[in-house]
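Asks: Please model the entire structure based on the sequences and the hints provided.
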Amino acid sequence: MRLSRYFLPLLKETPKEAEIVSHRLMLRAGMIRQQSAGIYSWLPLGLKVLKKIEAIIREEQNRSGAIELLMPTIQSADLWMESDRYGAYGPEMLRITDRHERDMLYGPTNEEMITDIFRSYVRSYRDLPLNLYHIQWKFRDEVRPRFGVMRSREFLMKDAYSFDLDQEGARRAYHRMFVAYLRTFTRMGLSAIPMRADTGPIGGDLSHEFIILADTGESQVFCDKAYLDIEVPGSDTDFRDDDALAKIVETWTTPYAATDEMHDEAAWAKLAEGDKLSARGIEVGHIFYFGTKYSAPMRATVTGPDGREVPVHMGSYGIGPSRLVAAIIEAFHDEDGIKWPAAVAPFDVGIINMKPGDAKVDGVCETLYEQLGKAGFDVLYDDRDERAGAKFAAFDLIGLPFQIIVGPRGVAEGTVEIKHRADGTRETMPPGDVVNRLESEARATSL
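First residue of the sequence shown? That's 189 in my numbering, and the numbers climb one at a time after it.
Treat the hints as calculated values from the structure; they're not laboratory data. Be aware that a few hints might be false.
What the hints assert, rightly or not - Taking lysine-lysine pairs in the DSS-like style, the calculated list, with each CA pair at most 27 Å apart, reads:
id, residue 1, residue 2
1, Lys326, Lys236
2, Lys200, Lys236
3, Lys548, Lys579
4, Lys200, Lys579
5, Lys236, Lys562
6, Lys435, Lys464
7, Lys548, Lys464
8, Lys562, Lys239
9, Lys204, Lys579
10, Lys413, Lys458
11, Lys562, Lys543
12, Lys579, Lys236
13, Lys239, Lys579
14, Lys543, Lys579
15, Lys413, Lys435
16, Lys543, Lys200
17, Lys239, Lys200
18, Lys435, Lys458
Replies: Right, dumping it as structure tokens:
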């Protein structure tokens, strides 16, 4: 993509309403625009990141055996009355009456609807286990939306729902999602720590939040520093091996880790002072096992091996892709802007033409643009007639992993410069070596 033809409305000044780093940088980098309190338009650059995150989530959900569908944003209140949550959920639920005076709602979550879909088609234990997921917009009418897309009213959510014959089967489903979440966040460049957490309005008796550490985190978290050294399951993980998955989960839940709601001072005190890590954290995922909380009142049953009808055991598993965009920025930025991990960067590499109109410089830039595109890289080429300082500032702000700087002096010497956004290091090489250099970087960071 040529920057002269791209829609990238950068802001020089920080909007006054932006309270945290991710909100400031997303507005300045032209990723989002606020339309009303807690509701945002996703502009092209922001949407590219969002789609990259969606793709990673989808790949890991599919790898774990979950099956994708798509449910609507508007739900019938009748389903929520069956589960007895319609009145209990609270003012965060946006309740709607349609022209026929039917009670509807803009879904804050989908336990009731997915249970209705399940009970309409599944009758036998032979069709279990089953895990269905979708990636869809949700709405929760936050009393005080803040921090940009970190705590917005409208947000994108991946929610998966597992169905099993009994508690043992449901635990295995929980383990599959637990491990899938570890891989998902690692692929995005994040170190997420699973912590026992309160189940909240979803319900149930087993829940983990996946937390990344960040100074702007919403809650205090407590964990053993051992988490910083535990190896994340690799791409060869066999999600059919229940025993292996259970061992992974045991490894990741044995050291102490808890959110402030679940913090146990007595257990915390048993840790050596040098092993304690107390910090602020951002929730990036939440998984729940809640048994028959929804299946029993909504009569979602299957015929078991003995011929009896039994309610299925369920779990739900959420990741907020839109929230993750902000969380990644909170984890990866400096005073100049964003520093995207390669897997979620809106473009893989940027080319900066230091002197548009110079035939030799233009020629090198065009050749690199074509070669990188053919090699599979998504390239943003700054071909604008703009001063060099503005170009450098723009590319640092939007945070592409690599900047290829092409200027008259380098071209005369037969070289270009590559700047690594992550650490600011630079290297000089012939233009013909650039593709191989970036391909080696891509191989080194692939998971």
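Asks: Are the hints correct? Go through all of them and say.
Replies: Hint check:
1. Between Lys326 and Lys236, the direct Cα distance comes to roughly 20 Å. Compliance with the 27 Å bound is thereby established for this hinted pair.
2. Distance check on the hinted pair: Lys200 and Lys236 sit about 22 Å apart at the alpha-carbon level, within 27 Å; holds.
3. Note on Lys548 and Lys579: the hinted pairing holds, with a Cα-Cα distance of about 19 Å set against a maximum of 27 Å.
4. Restraint check for Lys200 and Lys579: satisfied, since their Cα atoms lie roughly 13 Å apart, inside the 27 Å limit.
5. Distance hint between Lys236 and Lys562 is fulfilled; the C-alpha atoms sit about 20 Å from each other, no more than 27 Å.
6. For the hint linking Lys435 to Lys464, the alpha-carbon distance of about 24 Å falls within 27 Å, and the restraint holds.
7. With a CA separation close to 58 Å, the supplied pair Lys548 and Lys464 exceeds the 27 Å bound.
8. Taking the CA atoms of Lys562 and Lys239, the gap is near 21 Å; set against the 27 Å cutoff, the hint holds.
9. Restraint check: the Cα-Cα separation between Lys204 and Lys579 comes to about 25 Å, which is no more than 27 Å; the hinted pair holds.
10. Taking the CA atoms of Lys413 and Lys458, the gap is near 14 Å; set against the 27 Å cutoff, the hint holds.
11. Of the pairs offered as hints, the one joining Lys562 and Lys543 holds, with about 24 Å between alpha carbons and a cut-off of 27 Å not exceeded.
12. For the proposed pair Lys579 and Lys236, the alpha carbon gap of about 21 Å is at most 27 Å, so the pair holds.
13. Annotation: proposed proximity of Lys239 to Lys579 holds, straight-line Cα distance about 26 Å (limit 27 Å).
14. As the CA atoms of Lys543 and Lys579 are separated by approximately 11 Å, the hinted pair is consistent with the 27 Å bound.
15. Between Lys413 and Lys435, the direct Cα distance comes to roughly 20 Å. Compliance with the 27 Å bound is thereby established for this hinted pair.
16. With a C-alpha separation of about 23 Å, the suggested pairing of Lys543 with Lys200 holds against the 27 Å cut-off.
17. The straight-line distance between the Cα atoms of Lys239 and Lys200 is roughly 26 Å, inside the 27 Å bound, and the hint therefore holds.
18. Taking the CA atoms of Lys435 and Lys458, the gap is about 24 Å. The hint holds against a cut of 27 Å.
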